[in-house]
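Asker: Heads up: the protein sequence lines correspond to chains V and P, in order. One point on numbering: in my numbering, the residue at position 113 of the first sequence is 113, and numbering is uninterrupted. One point on numbering: in my numbering, the residue at position 203 of the second sequence is 203, and numbering is uninterrupted.
Note that these hints are calculated values from the structure, not bench results. Bear in mind the structure is a predicted one, so any value in this text is a computation, not a measurement. The beta-carbon is built from N, C-alpha and C at its ideal position, and this holds for glycine as well. Worth double-checking, as some hints may not be accurate.
[Claimed, not checked] Pairs of lysine-lysine, DSSO-like flavour, derived with a Cα cap of 27 Å:
{"hint": "1", "chain 1": "V", "residue 1": "Lys57", "chain 2": "V", "residue 2": "Lys46"}
{"hint": "2", "chain 1": "P", "residue 1": "Lys448", "chain 2": "V", "residue 2": "Lys343"}
{"hint": "3", "chain 1": "P", "residue 1": "Lys310", "chain 2": "V", "residue 2": "Lys356"}
{"hint": "4", "chain 1": "V", "residue 1": "Lys356", "chain 2": "P", "residue 2": "Lys359"}
{"hint": "5", "chain 1": "V", "residue 1": "Lys343", "chain 2": "V", "residue 2": "Lys356"}
[Claimed, not checked] One side of the interface only, derived from the structure: several residues of chain P facing chain V at Cβ under 7 Å:
{"hint": "6", "residue": "Pro355"}
{"hint": "7", "residue": "Glu387"}
{"hint": "8", "residue": "Pro389"}
{"hint": "9", "residue": "Glu493"}
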Amino acid sequence: MYGLWLANIPGITQFKIRLIREVCPVAEELYAMSDETIAKIPGLEKADVCRIIESRKIWNPEREWMKLQEKGIHFVTLEDAVYPEKLKSIHNPPYALYYMGKLPDPEAKSVAIVGARGRSAYGSQVARQLAEALAHAGIAVVSGMARGIDTDGHMGALEAHGETFAVLGCGVDICYPKQNDYLYRHIPENGGILSEYPLGTEPMAALFPQRNRIISGLSDYTVVIEARTRSGSLITADYAMEQGREVYALPGRITDPLSQGTNALIRQGAGIYTGVEDFLKDLQFLEANSYVQSDFRKNLLEKDESLVYSLFDFAPVGLGSLIQNSPYGLSEIMNILERLEQKGFVKETIPNYYVKTI
Amino acid sequence: MYSMIMTSMLDGIRAVPVRVEVDICAGLPGFDMVGFLSSEVREAKERVRTALHNCGIALPPKRITINLSPANIRKSGTGFDLPIAVALLTAMELVSPESVSGMIFAGELNLRGDILPVNGVLPIVSDGCVSGVTRFVVPYANVREARLVKNATVYGFENLNQLLAFLKGEPYTERGGELSDVREKKREVDFSEVNGQRFLRRAAEVAASGMHNILMVGPPGAGKTMISERMATILPPLTEEERLELSKIYSVCGLLGNRTSLLETRPFRSPHHTITRVGLSGGGIGLRPGEISLAHHGVLFLDELTEFDKATLDILRQPLEEHVIHITRASGSVTYPAGFLLLAAMNPCSCGYYPDMQKCRCTPSTLQRYFGRVSQPLIDRMDICVEAPMVSYEELTGASFNECSADIQARVQACHAIQEKRYEGELFFHNSQIPAGRLKEFCPLGEKEERYMEQMYEKLGLTARTYHKVLRVARTVADCEHAENIRLKHLQEAICYRSIDDKFWGGV
Numbered sequence: 001m002y003g004l005w006l007a008n009i010p011g012i013t014q015f016k017i018r019l020i021r022e023v024c025p026v027a028e029e030l031y032a033m034s035d036e037t038i039a040k041i042p043g044l045e046k047a048d049v050c051r052i053i054e055s056r057k058i059w060n061p062e063r064e065w066m067k068l069q070e071k072g073i074h075f076v077t078l079e080d081a082v083y084p085e086k087l088k089s090i091h092n093p094p095y096a097l098y099y100m101g102k103l104p105d106p107e108a109k110s111v112a113i114v115g116a117r118g119r120s121a122y123g124s125q126v127a128r129q130l131a132e133a134l135a136h137a138g139i140a141v142v143s144g145m146a147r148g149i150d151t152d153g154h155m156g157a158l159e160a161h162g163e164t165f166a167v168l169g170c171g172v173d174i175c176y177p178k179q180n181d182y183l184y185r186h187i188p189e190n191g192g193i194l195s196e197y198p199l200g201t202e203p204m205a206a207l208f209p210q211r212n213r214i215i216s217g218l219s220d221y222t223v224v225i226e227a228r229t230r231s232g233s234l235i236t237a238d239y240a241m242e243q244g245r246e247v248y249a250l251p252g253r254i255t256d257p258l259s260q261g262t263n264a265l266i267r268q269g270a271g272i273y274t275g276v277e278d279f280l281k282d283l284q285f286l287e288a289n290s291y292v293q294s295d296f297r298k299n300l301l302e303k304d305e306s307l308v309y310s311l312f313d314f315a316p317v318g319l320g321s322l323i324q325n326s327p328y329g330l331s332e333i334m335n336i337l338e339r340l341e342q343k344g345f346v347k348e349t350i351p352n353y354y355v356k357t358i
Numbered sequence: 001m002y003s004m005i006m007t008s009m010l011d012g013i014r015a016v017p018v019r020v021e022v023d024i025c026a027g028l029p030g031f032d033m034v035g036f037l038s039s040e041v042r043e044a045k046e047r048v049r050t051a052l053h054n055c056g057i058a059l060p061p062k063r064i065t066i067n068l069s070p071a072n073i074r075k076s077g078t079g080f081d082l083p084i085a086v087a088l089l090t091a092m093e094l095v096s097p098e099s100v101s102g103m104i105f106a107g108e109l110n111l112r113g114d115i116l117p118v119n120g121v122l123p124i125v126s127d128g129c130v131s132g133v134t135r136f137v138v139p140y141a142n143v144r145e146a147r148l149v150k151n152a153t154v155y156g157f158e159n160l161n162q163l164l165a166f167l168k169g170e171p172y173t174e175r176g177g178e179l180s181d182v183r184e185k186k187r188e189v190d191f192s193e194v195n196g197q198r199f200l201r202r203a204a205e206v207a208a209s210g211m212h213n214i215l216m217v218g219p220p221g222a223g224k225t226m227i228s229e230r231m232a233t234i235l236p237p238l239t240e241e242e243r244l245e246l247s248k249i250y251s252v253c254g255l256l257g258n259r260t261s262l263l264e265t266r267p268f269r270s271p272h273h274t275i276t277r278v279g280l281s282g283g284g285i286g287l288r289p290g291e292i293s294l295a296h297h298g299v300l301f302l303d304e305l306t307e308f309d310k311a312t313l314d315i316l317r318q319p320l321e322e323h324v325i326h327i328t329r330a331s332g333s334v335t336y337p338a339g340f341l342l343l344a345a346m347n348p349c350s351c352g353y354y355p356d357m358q359k360c361r362c363t364p365s366t367l368q369r370y371f372g373r374v375s376q377p378l379i380d381r382m383d384i385c386v387e388a389p390m391v392s393y394e395e396l397t398g399a400s401f402n403e404c405s406a407d408i409q410a411r412v413q414a415c416h417a418i419q420e421k422r423y424e425g426e427l428f429f430h431n432s433q434i435p436a437g438r439l440k441e442f443c444p445l446g447e448k449e450e451r452y453m454e455q456m457y458e459k460l461g462l463t464a465r466t467y468h469k470v471l472r473v474a475r476t477v478a479d480c481e482h483a484e485n486i487r488l489k490h491l492q493e494a495i496c497y498r499s500i501d502d503k504f505w506g507g508v
């Protein structure tokens with residue numbers, strides 16, 4: 001209750017909260033402390049002391065706490081026992097965490113899946129496949145609910161009924177980006193949406209790199225699927241390495257812009273993501289839960305199907321190009337595509353564009 | 001002495017009869033013109049007086065009053081100089097009233113007395129004939145245009161003296177100089193020149209068959225413009241009535257030139273994306289027709305759709321539904337026909353590579369912004385939307401047999417005939433115009449087809465509007481095969497043409 005007060009004093013940053021907690025680790029005590037004692041806390045400036053004293057007068061701890069409860073939002077601080085153990089151990093753990101749904105199970109393993117927002121169709125499929133496999137293995141997927149790879153990770157886990165956690169760079173009461181409304185509504189059902197920022201904090205570019213330390217901090221492994229040279233995902237990877245967590249990166253062609261960030265990580269010594277099976281083995285998870293990749297390739301293709309299939313790539317191919325490069329007419333192509341889709345060889349990513357499945 | 005001469009004024013592409021009355025009576029010498037005149041008509045006073053003077057005719061020192069009636073219509077245009085001059089000559093008794101009765105005069109004068117060409121002679125002559133006048137005096141430069149109307153007797157003169165001599169009883173001889181023969185430039189484009197792009201060719205044929213508006217999305221240089229330019233060549237030939245209507249529009253704009261026949265080919269208009277609203281809709285000084293009217297019975301092609309001003313494009317909404325445009329301004333209001341096939345082309349994103357994200361440098365937000373530049377109401381009016389893929393070198397240079405425009409045109413024509421028969425007595429003519437309420441009647445689906453559409457509705461997240469569009473296009477696809485009922489494969493094809501929406505830019 002008093003933690004909420006401490007976390008919401010304007011101008012009192014994470015850094016200053018840490019200074020205060022060195023003297024007085026419990027927020028309730030600070031609330032009860034005399035003005036003079038507060039002024040003596042080393043490192044605090046006069047203005048900060050004034051702010052703390054002022055805010056005590058206006059802030060009604062019970063009422064604010066009730067407000068939070070009414071919205072169905074939970075709140076923990078470093079003082080609480082339920083505060084995630086993994087996060088506690090990082091260099092700069094957030095003092096407060098607001099969350100909807102639940103917190104990650106301290107016993108269970110969790111993997112962060114991060115990557116570019118403008119990712120390729122191939123990266124999207126790899127991320128989804130990994131998330132689904134993790135969900136089946138009972139491993140939670142952590143990500144940032146951004147567009148692109150983050151969304152793929154969450155979606156994969158959700159669809160396989162696994163746990164997934166999203167760490168936001170804004171208040172938990174704000175859905176950003178708006179397109180991810182579906183995730184925002186469904187993640188708390190079997191997982192949680194977390195943020196260190198007070199309710200109503202608008203998404204700001206400056207806040208996002210900070211929240212990445214929580215993503216990696218909550219996870220045992222961080223997998224970077226696709227990243228350009230100066231991608232935010234690389235920040236997450238840096239945090240993960242700082243925090244002593246394993247980092248994996250999906251290798252790619254050296255000419256692909258979306259693989260330059262991940263290849264650079266590999267060069268720095270990150271683990272190489274070579275497929276779901278290998279990854280689960282590294283996690284020492286495969287024996288217990290032998291992963292069976294659904295092998296759609298067992299389905300045989302008809303002659304016309306294999307001809308059309310040969311035109312596909314991991315980059316989306318449009319209907320126009322398919323017709324242009326095959327001897328078939330529109331309705332035949334449509335038939336073949338439908339069969340290929342049913343057999344699981346291709347899928348339609350955006351209207352009239354198809355990619356090979358992995 | 002009083003005299004009256006008939007002339008005509010343009011109102012849109014119609015000609016309104018106007019009478020020029022002149023009265024010369026004793027009194028203080030003066031020269032007055034009345035009758036709700038715009039400034040160019042008021043200036044006629046000086047031109048006519050000087051022109052007559054230079055032809056050796058002096059106006060009498062009497063009170064001269066000129067009235068253009070009916071007085072409630074604003075008179076604009078430069079065609080009044082000649083009728084005013086003739087009315088003066090008649091009132092001065094230099095010409096007998098009998099020799100000018102039953103004639104319509106139109107033409108501009110210069111100070112020397114030459115008769116200069118004016119715009120809109122075709123509608124003046126054509127509408128004059130409809131109202132029973134058969135003899136016309138026009139500038140010599142407009143003679144050919146005027147003679148496009150059958151049963152009109154047209155006299156053309158180069159200057160006032162020739163006209164005066166004729167009106168005094170001399171037999172008519174064509175004494176003008178050689179008219180440069182502007183033959184209609186034969187459209188030299190043909191569909192056989194388009195290599196590859198089978199999908200696009202097919203879509204273009206379906207669009208022409210059902211008069212569906214079409215949007216092409218593809219990287220620059222894929223051949224979108226090339227196909228569009230050839231679109232007009234596969235539409236059925238113009239009927240006589242359509243040719244006259246179209247020629248009138250061009251006549252009003254002065255674009256008809258000295259042709260010896262009415263316009264034959266369907267227009268292809270491709271305005272630059274910097275076009276203004278007035279340029280597109282029509283209006284401005286003299287309420288001239290805009291690009292949408294010049295594309296009447298033809299193709300309006302908007303290249304680089306995203307570059308057009310959104311507000312400008314929104315102008316198209318009403319003409320697309322009603323096939324006419326009403327222009328109302330302070331200086332009056334006119335109605336121009338504007339029934340065109342809309343063709344638009346755009347890139348998939350600002351860098352052109354979407355959805356290949358390895359090459360595309362666009363972020364999700366720039367993609368959204370790019371999509372935001374497209375006018376959604378306009379996209380909603382696009383029945384067919386197709387991808388134009390890059391053409392490979394082999395396709396470009398390979399010698400392949402391509403169908404020529406005439407063959408495609410024949411099929412399109414057959415398809416139009418089917419529609420004509422089906423929609424006899426209706427207020428619409430083409431599949432693209434079937435009202436939503438009557439789709440059940442004209443596009444009945446079998447049980448199997450019904451089930452398929454139900455599946456697709458769910459799967460593709462169609463809306464009522466997109467669903468209706470698919471049905472209309474499917475009707476055309478079926479008509480292309482002369483099939484009575486819409487079958488599964490027709491629906492499948494129509495589904496491929498469904499329009500793009502934000503899902504397209506939602507990321508792969």
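Asker: Hint by hint, say whether it matches the structure.
Answerer: Hints and how they fare:
Taking the CA atoms of lysine 57(V) and lysine 46(V), the gap is near 17 Å; set against the 27 Å cutoff, the hint holds. Taking the CA atoms of lysine 448(P) and lysine 343(V), the gap is about 22 Å. The hint holds against a cut of 27 Å. A C-alpha spacing of about 37 Å is found between lysine 310(P) and lysine 356(V), which places the hinted pair above 27 Å, so the restraint is violated. Distance hint between lysine 356(V) and lysine 359(P) is fulfilled; the C-alpha atoms sit about 18 Å from each other, no more than 27 Å.
Taking the CA atoms of lysine 343(V) and lysine 356(V), the gap is about 12 Å. The hint holds against a cut of 27 Å. The restraint placing proline 355(P) at the interface with chain V holds, with a minimum CB-CB distance near 4 Å, inside the 7 Å limit. Proximity of glutamate 387(P) to chain V holds as hinted, the smallest CB-CB distance being about 4 Å (cut-off 7 Å). The criterion of a C-beta within 7 Å of any C-beta in chain V is met by proline 389(P), whose closest approach is roughly 4 Å, and the hint holds.
The beta carbon of glutamate 493(P) comes within 5 Å of a beta carbon in chain V, closer than 7 Å, and the hint placing it at the interface holds.
Hint compliance for this structure: hint 3 is the single one not met.
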